[in-house]
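As you go down the protein sequences, you meet chains A and H in turn.
Here the numbering used here is used: the first residue of the first sequence is 1, the next is one more, and so on.
Here the numbering used here is used: the first residue of the second sequence is 1, the next is one more, and so on.
Each hint should be verified, as a subset may be incorrect.
What the hints assert, rightly or not - Okay, the calculated bits of chain A under chain H, using three or more residues with CB under 8 Å as the criterion:
hint	stretch
1	17 to 23
2	28 to 34
3	48 to 60
4	249 to 261
5	282 to 293
As the list claims (entries may be wrong) - Here are the computed distance ranges between Cβ atoms for each label pair:
hint	chain 1	residue 1	chain 2	residue 2	range
6	H	Gln340	A	Ala415	44 to 52 Å
7	H	Gly343	A	Ala415	29 to 37 Å
8	H	Arg153	A	Leu117	48 to 56 Å
Because the hints were derived from the structure by calculation, they are not lab data.
All values reported here derive from a predicted model rather than from experimental measurement.
Here a beta-carbon is modelled for each residue, glycine too, at the ideal position from N, C-alpha and C.
Residue-level listing of the chains:
There are 2 protein chains.
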Amino acid sequence: MAATALPDPVQQLQEHLHQTRLLGSISSALYFDQNTVMPAAGAAWRGEQLALLARQLHERQSSAFYADLLAAAEAEVEGSQTQGSKTRSNGAPTAMRRNLALLRQELERQQRLDPDLVGQIAAAQSRGNAVWQEAKRRDDFAAFAPALTEMIRLRRAQAAQLADAEPVARSPWEILAQTFEPDISTARLQALFAPLTAEIPVLLEQLRAADPPEGAAPDLPEGLQDSLCAELLASWGYDASRCLRARSAHPFSCTVGPHDFRITTRVVPDQPLAAFLATAHEWGHSLYEQGLPRGDDHYFPWPLGEATSMGVHESQSLFWECRVARSRAFAAHWHPRFVQGLGRDPWGDADGFWRSLNPLRPGTTRVEAGELSYCLHIVLRFELELALLEQEMPVAELPGRWRERMGELLGVVPASDREGCLQDIHWAEGLFGYFPSYALGHLISAQLTETMEGEIGPIETVIAAGESARLREWLGRKVWPLGRSVNGAELVEQLSGRPLEALPFLDHLERKLAEAIGPACGTP
Amino acid sequence: MAATALPDPVQQLQEHLHQTRLLGSISSALYFDQNTVMPAAGAAWRGEQLALLARQLHERQSSAFYADLLAAAEAEVEGSQTQGSKTRSNGAPTAMRRNLALLRQELERQQRLDPDLVGQIAAAQSRGNAVWQEAKRRDDFAAFAPALTEMIRLRRAQAAQLADAEPVARSPWEILAQTFEPDISTARLQALFAPLTAEIPVLLEQLRAADPPEGAAPDLPEGLQDSLCAELLASWGYDASRCLRARSAHPFSCTVGPHDFRITTRVVPDQPLAAFLATAHEWGHSLYEQGLPRGDDHYFPWPLGEATSMGVHESQSLFWECRVARSRAFAAHWHPRFVQGLGRDPWGDADGFWRSLNPLRPGTTRVEAGELSYCLHIVLRFELELALLEQEMPVAELPGRWRERMGELLGVVPASDREGCLQDIHWAEGLFGYFPSYALGHLISAQLTETMEGEIGPIETVIAAGESARLREWLGRKVWPLGRSVNGAELVEQLSGRPLEALPFLDHLERKLAEAIGPACGTP
Numbered sequence: 001m002a003a004t005a006l007p008d009p010v011q012q013l014q015e016h017l018h019q020t021r022l023l024g025s026i027s028s029a030l031y032f033d034q035n036t037v038m039p040a041a042g043a044a045w046r047g048e049q050l051a052l053l054a055r056q057l058h059e060r061q062s063s064a065f066y067a068d069l070l071a072a073a074e075a076e077v078e079g080s081q082t083q084g085s086k087t088r089s090n091g092a093p094t095a096m097r098r099n100l101a102l103l104r105q106e107l108e109r110q111q112r113l114d115p116d117l118v119g120q121i122a123a124a125q126s127r128g129n130a131v132w133q134e135a136k137r138r139d140d141f142a143a144f145a146p147a148l149t150e151m152i153r154l155r156r157a158q159a160a161q162l163a164d165a166e167p168v169a170r171s172p173w174e175i176l177a178q179t180f181e182p183d184i185s186t187a188r189l190q191a192l193f194a195p196l197t198a199e200i201p202v203l204l205e206q207l208r209a210a211d212p213p214e215g216a217a218p219d220l221p222e223g224l225q226d227s228l229c230a231e232l233l234a235s236w237g238y239d240a241s242r243c244l245r246a247r248s249a250h251p252f253s254c255t256v257g258p259h260d261f262r263i264t265t266r267v268v269p270d271q272p273l274a275a276f277l278a279t280a281h282e283w284g285h286s287l288y289e290q291g292l293p294r295g296d297d298h299y300f301p302w303p304l305g306e307a308t309s310m311g312v313h314e315s316q317s318l319f320w321e322c323r324v325a326r327s328r329a330f331a332a333h334w335h336p337r338f339v340q341g342l343g344r345d346p347w348g349d350a351d352g353f354w355r356s357l358n359p360l361r362p363g364t365t366r367v368e369a370g371e372l373s374y375c376l377h378i379v380l381r382f383e384l385e386l387a388l389l390e391q392e393m394p395v396a397e398l399p400g401r402w403r404e405r406m407g408e409l410l411g412v413v414p415a416s417d418r419e420g421c422l423q424d425i426h427w428a429e430g431l432f433g434y435f436p437s438y439a440l441g442h443l444i445s446a447q448l449t450e451t452m453e454g455e456i457g458p459i460e461t462v463i464a465a466g467e468s469a470r471l472r473e474w475l476g477r478k479v480w481p482l483g484r485s486v487n488g489a490e491l492v493e494q495l496s497g498r499p500l501e502a503l504p505f506l507d508h509l510e511r512k513l514a515e516a517i518g519p520a521c522g523t524p
Numbered sequence: 001m002a003a004t005a006l007p008d009p010v011q012q013l014q015e016h017l018h019q020t021r022l023l024g025s026i027s028s029a030l031y032f033d034q035n036t037v038m039p040a041a042g043a044a045w046r047g048e049q050l051a052l053l054a055r056q057l058h059e060r061q062s063s064a065f066y067a068d069l070l071a072a073a074e075a076e077v078e079g080s081q082t083q084g085s086k087t088r089s090n091g092a093p094t095a096m097r098r099n100l101a102l103l104r105q106e107l108e109r110q111q112r113l114d115p116d117l118v119g120q121i122a123a124a125q126s127r128g129n130a131v132w133q134e135a136k137r138r139d140d141f142a143a144f145a146p147a148l149t150e151m152i153r154l155r156r157a158q159a160a161q162l163a164d165a166e167p168v169a170r171s172p173w174e175i176l177a178q179t180f181e182p183d184i185s186t187a188r189l190q191a192l193f194a195p196l197t198a199e200i201p202v203l204l205e206q207l208r209a210a211d212p213p214e215g216a217a218p219d220l221p222e223g224l225q226d227s228l229c230a231e232l233l234a235s236w237g238y239d240a241s242r243c244l245r246a247r248s249a250h251p252f253s254c255t256v257g258p259h260d261f262r263i264t265t266r267v268v269p270d271q272p273l274a275a276f277l278a279t280a281h282e283w284g285h286s287l288y289e290q291g292l293p294r295g296d297d298h299y300f301p302w303p304l305g306e307a308t309s310m311g312v313h314e315s316q317s318l319f320w321e322c323r324v325a326r327s328r329a330f331a332a333h334w335h336p337r338f339v340q341g342l343g344r345d346p347w348g349d350a351d352g353f354w355r356s357l358n359p360l361r362p363g364t365t366r367v368e369a370g371e372l373s374y375c376l377h378i379v380l381r382f383e384l385e386l387a388l389l390e391q392e393m394p395v396a397e398l399p400g401r402w403r404e405r406m407g408e409l410l411g412v413v414p415a416s417d418r419e420g421c422l423q424d425i426h427w428a429e430g431l432f433g434y435f436p437s438y439a440l441g442h443l444i445s446a447q448l449t450e451t452m453e454g455e456i457g458p459i460e461t462v463i464a465a466g467e468s469a470r471l472r473e474w475l476g477r478k479v480w481p482l483g484r485s486v487n488g489a490e491l492v493e494q495l496s497g498r499p500l501e502a503l504p505f506l507d508h509l510e511r512k513l514a515e516a517i518g519p520a521c522g523t524p
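In isolation and in its complexed conformation, chain A is listed as follows (with noise of 0.2 Å):
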């Protein structure tokens, strides 16, 4: 056998991955198409084409075959580790080992699962979508309590059949964020948002005393739309024999295959720039899976091919749309262009635009608020989920406390349930536990860009001198290879030195603050 000859049972168990990968692709395909062109009418098909993906899915995740094969390539991975390293010394070991630990984890999880409780759960989702699309159009939120109740329930069935794969001791709604934040806990989370409740609503209460002028908002053709989002993307490395850029209802980032990667946006009226800065944050997801550790054909179906956690890659995102698209050298490169394509200025001048770029004022909708208030949207989520699932808060009281709590993080209360409580879809679908990836990516964001800064020099500089490419290099380096070697946690002290904490985050904030508040060209 050659050295570098991957063993036998290794192989097989790499090849059952690949078809594993195949499938599940072939579902993004599905979901991809559902979401641009699909006709409304084939929904219940397309329902049904998912649902035995998904079926095959568990089934090959679960079987007793592939937990053969694994506890092969584990045992040859093991003897081969203690017959010491004389052929393989390289460190391909430990790789494989955290590879086949991950593996173990989740063929664990799924094992413990009860295929009753799992279509329970799928018919649940299904049904739950629908009142809650139903209830949210008639702003009924009695006639969503009774799913949500349901869906509760069924969750935390879940998680207490999860509880004994866990390797440590967690509570159902921090067994059900471990698949999008693997190892995080609620005191974890508590510690990192407790500086955002505390400052944030102290810089709102600035903002609302200075009440800074808000950029304008001219209504900009769609097709100029299209081809500034268009050209936004070639000046940031995009590769049209490998990327496909479409239009869905909401935005979404979609990987098809290991060379076809795609991104959608939409264009909202009464928001010119929406269509624009989405592409810019779909952009940041899309160029994440593009540099995850996959080029490799060794790697690709293997766990350390994946994202390290939501949070992260939420953090690459929000990096290019809060980080580069909303900085003012990116308004200042841009303001031209877009007074160029529309014929006018209605901005005045840069600053103008900057300040289109960067609202805000805090409104009751998460989708649409600006850097300060969004964590708060999220921290109430996470207090409230933790009410509903381990604090025995009855649902129906949901409306009052979601109103009452955000008046207190953000001094606004939604005029109506349809405004509040039924404003996402998370909860109709039982997705528990993945609200703080999006806050966690804003503080991930800010303080790698503490580290990248400190490497290459300050982001409003680097894009000033035209030289974004700067940037991507940087995190295709750093961030992006490290796949699930780590955890988010493990990513962030690995590449800035320290644990992750809100600090850089809030000094942002501070700083953006500032700026709109202070002279129009002012930098901290």
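Mind docking chain H on chain A? Use the hints.
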């Protein structure tokens, strides 16, 4: 048991077929994506995705599990038959016996195929396609010859394995053609094509002698072509909630689900009506798919819900393209709309526009051929397929025989193999037996049109009255619901009262030629 309930084994079989149909439709969705939006670099992975689905499909269609399900269903239905028809005297057993017979025939075929040969053919198709692309680009037939020789060998081997599964003795070519045109024979095709070979060259000679004017080919902006195609579909019953229109390199129609129908077109430089006519053609295919007896859940996964044959499928697309969109009344209706869109009238009048819709001069390329010469392109290919597969003609002789026979039949000789025997993809993928369906489509369309006109009056009159919905209604009542309850020959005989023949089509060509040669607005 309720009188309408299916017996249990039949229900089980139906569930199996339903899952098979789901898998097949996932392939269709991937095919659509591949040919409309997929980035080029996604091709290799897409190939793996499709191969995985193809293996799953073959397994489902040839497994012992499926064979047992089918046998149990056969026993159940035969049993209920022998016991008399107390509970099912409504004809359902007849339809179900037909379903089971078609499934049995297909299973016999699948089971006789050596899986190794199936794999070899799939690999040879993929290789053949690549070799052909390159050989065509370089106009190098010798580079393609070995791949073609190998493909012929593999397909002959396949035919030999299938021979015992045929209910009657069939030649290798006939066996391969069964997939496309059930129950077709070489002798039948030769009898049908003989009048074409005898008569069409005479018509072409008359055309040459008269040399009527050709229509103008102005530059039509893409946006205008696009909106005209959309208008055409809107006037022909297009429903955006179930249908989708997209762009691809080659036009096609594709059914992705029982309520999800898609067509594509392309804009061809210097062929301003190509997209418009291709839209008419592909919509004809799609209308047929939409009208097949699949709406009823009971039938959708069964063979009776499938297209009768490729010839019948093509008759439906050709009806809308050639009988409707190339008619005088249609030209008169759309000419003002084209003139309005373009802002000028390069055609001069409706007659000039009709001439643009009806190019008649023969050329060397099949896909650009007009109605008058198209079938001779097919006769040529049919003769050469028989020579290659059954008459030991060496592959090396193909280019010479092609040029020679092209000159005899069409009076034109290709300047290169690229424009000659390398022009089509079919042989590169081993699709022997497919070409005749194109010509059968013309013949079937002509004979069904005679029947239709006998019942609802001349198509020209119906179109002039703005009542094209009556054409759709007739086809939707007579042709589409038959599915595979009949074969193509039976369908024609059942509807027209006599066996398929070439005469109605030749009559149509003579009338069209007379119109083109005679006075501008003359009718035969």
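Hints and how they fare:
Counting residues of the stretch 17 to 23 of chain A whose beta carbon lies closer than 8 Å to any beta carbon of chain H gives 3, which reaches the threshold of three, so the coverage claim holds. Chain H is given as covering the stretch 28 to 34 of chain A, and this holds because 4 residues of the stretch bring a CB closer than 8 Å to a CB of that chain, at least three being needed. For the stretch 48 to 60 of chain A, the stated coverage by chain H holds: 4 residues have a C-beta nearer than 8 Å to a C-beta of that chain, and at least 3 were required. Given as covered by chain H, the stretch 249 to 261 of chain A passes the check, having 6 residues with a CB less than 8 Å from a CB of that chain where 3 are the minimum.
Only residues whose C-beta sits within less than 8 Å of a C-beta in chain H count toward coverage, and the stretch 282 to 293 of chain A has 0 of them, not enough to reach three; the restraint is violated. Distance hint check: the CB atoms of Gln340 (chain H) and Ala415 (chain A) are about 49 Å apart, consistent with the given range 44 to 52 Å. Hint check: Gly343 (chain H) to Ala415 (chain A), Cβ distance near 51 Å, so the stated range 29 to 37 Å is violated. A hinted range of 48 to 56 Å holds for the C-beta pair Arg153 (chain H) and Leu117 (chain A), which are about 54 Å apart.
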